[in-house]
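Enquirer: Whole structure, please, built from the sequences with the hints as guidance.
To convert a position in the sequence shown, counted from 1, into this note's numbering, add 14.
There may be inaccurate statements among the hints.
To be verified - Once the Cα atoms are required to be at most 27 angstroms apart in a straight line, the calculated DSSO-like pairs of lysine-lysine come out as:
(1) Lys124 x Lys165
(2) Lys165 x Lys136
(3) Lys136 x Lys124
Honestly, the hints are just simulated from the structure, not real lab data. Because the structure is a prediction, the values reported are computed rather than measured.
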Amino acid sequence: GGIYASINTLQVPNDVYTLKVNDTVTGKSVTASTRMLSQVRFQSITPVIERSASDTSIYLDYVFNDFAGENWYAINIVKRDSGNNTGIDINSFFSAGLNVSTQTELLTDKAFPEITHSARLKLVNVQATDSIAVTISNVSEAYYDFLREQKRAEGLLSQITKEPINRSSNVIGGYGFFNAHFPDIQIFDLNDF
15 GGIYASINTL QVPNDVYTLK VNDTVTGKSV TASTRMLSQV RFQSITPVIE
65 RSASDTSIYL DYVFNDFAGE NWYAINIVKR DSGNNTGIDI NSFFSAGLNV
115 STQTELLTDK AFPEITHSAR LKLVNVQATD SIAVTISNVS EAYYDFLREQ
165 KRAEGLLSQI TKEPINRSSN VIGGYGFFNA HFPDIQIFDL NDF
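Expert: Right, dumping it as structure tokens:
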């Protein structure tokens, strides 16, 4: 399981990508297919740091244009692991243990009627001295639902009850969700703000 990235794979909107994995020991295999949607880009994005005598709050003010039709978006915030005081390593963005996801914001355009969407997002688990990467991706409704289920499963009640969570999956013969998306990535050193 996990996140896999390939900078060598062509990123062609509306192409279907298929994952096929065969386990030579057990003879089992899994397959999944997904369609890569068009890239959405931030029209503008700016970190805002509000300092007071007792607290520091960090926000992102962002704007993007919503595509025609029904759409779902994921905004992700990633920072360098607290055990490593260097900035975001864009050459090994997905390397295990170097960068950690701090927040995922899920959006559906049903919540905003305008073509241009602007908002302020309060960041959590981010310090004013961190370097962060912010991504926005146009995602399928099925992947949006999977991410929403995942966020719900991380809630306090499921942690207390330890009830199993049945998440949706598009993997035949396995678990999880295979998704291909083409994120717009913006990197900020919050020391500059």
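Enquirer: Work down the list of hints and note, for each, if the structure agrees.
Expert: Taking the hints in turn, this is what the structure says about them:
1. Lys124 x Lys165: holds, 19 angstroms
2. Lys165 x Lys136: Satisfied, since the Cα-Cα distance of roughly 17 angstroms is no more than 27 angstroms.
3. Lys136 x Lys124: holds, 21 angstroms
In summary, the structure agrees with every hint in the numbered list given earlier.
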